[in-house]
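Protein chains in written order, with my numbering: chain A, 1 to 132; chain Y, 1001 to 1132; chain V, 2001 to 2132; chain B, 3001 to 3132.
Derived from the structure by calculation, the hints contain no laboratory data.
Careful, some of the hints might be misleading.
Claimed, not checked - Negatives, chain Y to chain B, calculated, CB over 10 Å:
#1 Thr1072
#2 Ser1079
#3 Arg1084
#4 His1099
#5 Gly1101
#6 Arg1123
#7 Thr1125
#8 Pro1130
#9 Ala1131
To be verified - Part of the chain B face toward chain V, derived, beta carbon under 8 Å:
#10 Gly3008
#11 Ala3025
#12 Gln3040
#13 Tyr3067
As the list claims (entries may be wrong) - Derived DEER-like restraints, expressed as beta-carbon distance ranges:
#14 Glu2014(V) - Arg117(A): 46 to 54 Å
#15 Thr2087(V) - Gly3101(B): 36 to 44 Å
#16 Asp3110(B) - Asp2110(V): 39 to 47 Å
On a predicted model such as this, the values are computed, not experimentally measured, just so you know.
Ideal Cβ placement from N, Cα and C applies to all residues, glycine included.
Protein chains: 4
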Amino acid sequence: MNAAGTPGRDGLGEMIGLEITGHTADEVTGRVEVTDRILQPAGLLHGGVYAAVAESMCSMGTYLAVYERGETAMGQSNSTTFLRPVTEGHVSARATPRHRGRTTWVWDVDFTDPEGRLCAMARVTIAVRPAP
Amino acid sequence: MNAAGTPGRDGLGEMIGLEITGHTADEVTGRVEVTDRILQPAGLLHGGVYAAVAESMCSMGTYLAVYERGETAMGQSNSTTFLRPVTEGHVSARATPRHRGRTTWVWDVDFTDPEGRLCAMARVTIAVRPAP
Amino acid sequence: MNAAGTPGRDGLGEMIGLEITGHTADEVTGRVEVTDRILQPAGLLHGGVYAAVAESMCSMGTYLAVYERGETAMGQSNSTTFLRPVTEGHVSARATPRHRGRTTWVWDVDFTDPEGRLCAMARVTIAVRPAP
Amino acid sequence: MNAAGTPGRDGLGEMIGLEITGHTADEVTGRVEVTDRILQPAGLLHGGVYAAVAESMCSMGTYLAVYERGETAMGQSNSTTFLRPVTEGHVSARATPRHRGRTTWVWDVDFTDPEGRLCAMARVTIAVRPAP
Chain A
1 MNAAGTPGRD GLGEMIGLEI TGHTADEVTG RVEVTDRILQ PAGLLHGGVY
51 AAVAESMCSM GTYLAVYERG ETAMGQSNST TFLRPVTEGH VSARATPRHR
101 GRTTWVWDVD FTDPEGRLCA MARVTIAVRP AP
Chain Y
1001 MNAAGTPGRD GLGEMIGLEI TGHTADEVTG RVEVTDRILQ PAGLLHGGVY
1051 AAVAESMCSM GTYLAVYERG ETAMGQSNST TFLRPVTEGH VSARATPRHR
1101 GRTTWVWDVD FTDPEGRLCA MARVTIAVRP AP
Chain V
2001 MNAAGTPGRD GLGEMIGLEI TGHTADEVTG RVEVTDRILQ PAGLLHGGVY
2051 AAVAESMCSM GTYLAVYERG ETAMGQSNST TFLRPVTEGH VSARATPRHR
2101 GRTTWVWDVD FTDPEGRLCA MARVTIAVRP AP
Chain B
3001 MNAAGTPGRD GLGEMIGLEI TGHTADEVTG RVEVTDRILQ PAGLLHGGVY
3051 AAVAESMCSM GTYLAVYERG ETAMGQSNST TFLRPVTEGH VSARATPRHR
3101 GRTTWVWDVD FTDPEGRLCA MARVTIAVRP AP
């Protein structure tokens, strides 16, 4: 959201090709296509992509749930664990809120490779604050 | 590194504008310019940028230390904590290896804003494995 | 496990009163009674208890799955998030393996308070190594 | 602290033998003796001990800095990384506040074995809230 409280564009999300595929109160889903532009030097999907996707999805999900009551959302911590390398195809992400607190939300994000295997997991804490 | 063991390009690092400014056995330093392309919707530097920078720097630092003995480096976990929003200027990063184990290296990365204040921290675990 | 590969006693687990209530290939369950001896100064269940319970349960679950093939398990990282204070009754824990890798297992542990509400979560990485 | 705002006893800290050896505005130091009572089944210092020590020291350090202005401290997350097994002697801990925010403090804790080698690290986030 910008100064006026209206959500702006997710620059990094767009740059890496994040596509939001679903959004309800209980989950946010998305996916990203593995292209050369988001690999690391060994030819694998760069770990920063998982963290960025998780950050975008959890911030968005929290923001959409709290902005009507005059609050905003800001990332506080992002802990991503990489389980299995991915080199091509789409990686899918599913974010679920595990805790909706007054001042923090905690989300789990599971990432699956094109064969549906868990390839990474993130746990993200989003701070909820009065909108500026 | 690609299949031949030669380091390839860091696609995501290039895309976000990561500039490596120094590299010794005891630290890797870098910086990134805060542009519209890497903001999140509220106009702040996107949290995924910190995680991506940390991941690139720590993977590179580990790889350069182990590849001569036939090993390679692969991110295992990345835990980033966001302390202070940044909206413009350059963010600087300094990565230091805290543990150089046989199978894992653990790094700390401190990020500072243009005024030199700590704005984020990452702890990154890189797996060391025999090169393919 | 001791030098002979036979599991020894879990000193800390016993001291805090950890009771293992179930164990299958897909989960380990346990509980701990909240007594004065494991509180922190404000009268809440000490955060270290959650971390200790998670560590004991995930190490045990991994060890029991790998020791027959001559491997052992050793904690590598433990990340616990505290969601809701608990002051009395029993806290229940359920640990599920999310990734069974060749060299690491990753577990999620959910903790619930006496009313069944999620009060803490842990993500634990256990290294799998050849037994000594 | 108890309901009256007066710090109570650190039950778990006492039980594991935590000794606070120093406290200034910029660090808290402590140590714990490795005894049978706090080992895990393989005969190594239990990972939960590191997490508990870190939690006690960082909560104490934050509490002592904020209680005079009517605030209290409560653990929010604790992420501990285990680097090197310890089987006997004393483990020393040094906690330093890396961020003193209005609503959260973030600490780093380094643990060293009897030979002075880094054996574990913790990053701890403590929430600062109005005292009840």
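For each hint, the structure was consulted:
{"no.": "1", "hint": "Thr1072", "in the structure": "21 Å, holds"}
{"no.": "2", "hint": "Ser1079", "in the structure": "6 Å, violated"}
{"no.": "3", "hint": "Arg1084", "in the structure": "8 Å, violated"}
{"no.": "4", "hint": "His1099", "in the structure": "5 Å, violated"}
{"no.": "5", "hint": "Gly1101", "in the structure": "7 Å, violated"}
{"no.": "6", "hint": "Arg1123", "in the structure": "6 Å, violated"}
{"no.": "7", "hint": "Thr1125", "in the structure": "7 Å, violated"}
{"no.": "8", "hint": "Pro1130", "in the structure": "22 Å, holds"}
{"no.": "9", "hint": "Ala1131", "in the structure": "24 Å, holds"}
{"no.": "10", "hint": "Gly3008", "in the structure": "4 Å, holds"}
{"no.": "11", "hint": "Ala3025", "in the structure": "19 Å, violated"}
{"no.": "12", "hint": "Gln3040", "in the structure": "6 Å, holds"}
{"no.": "13", "hint": "Tyr3067", "in the structure": "11 Å, violated"}
{"no.": "14", "hint": "Glu2014(V) - Arg117(A): 46 to 54 Å", "in the structure": "38 Å, violated"}
{"no.": "15", "hint": "Thr2087(V) - Gly3101(B): 36 to 44 Å", "in the structure": "27 Å, violated"}
{"no.": "16", "hint": "Asp3110(B) - Asp2110(V): 39 to 47 Å", "in the structure": "30 Å, violated"}
Hint check: violations occur at hints 2, 3, 4, 5, 6, 7, 11, 13, 14, 15, 16; the rest are consistent with the structure.
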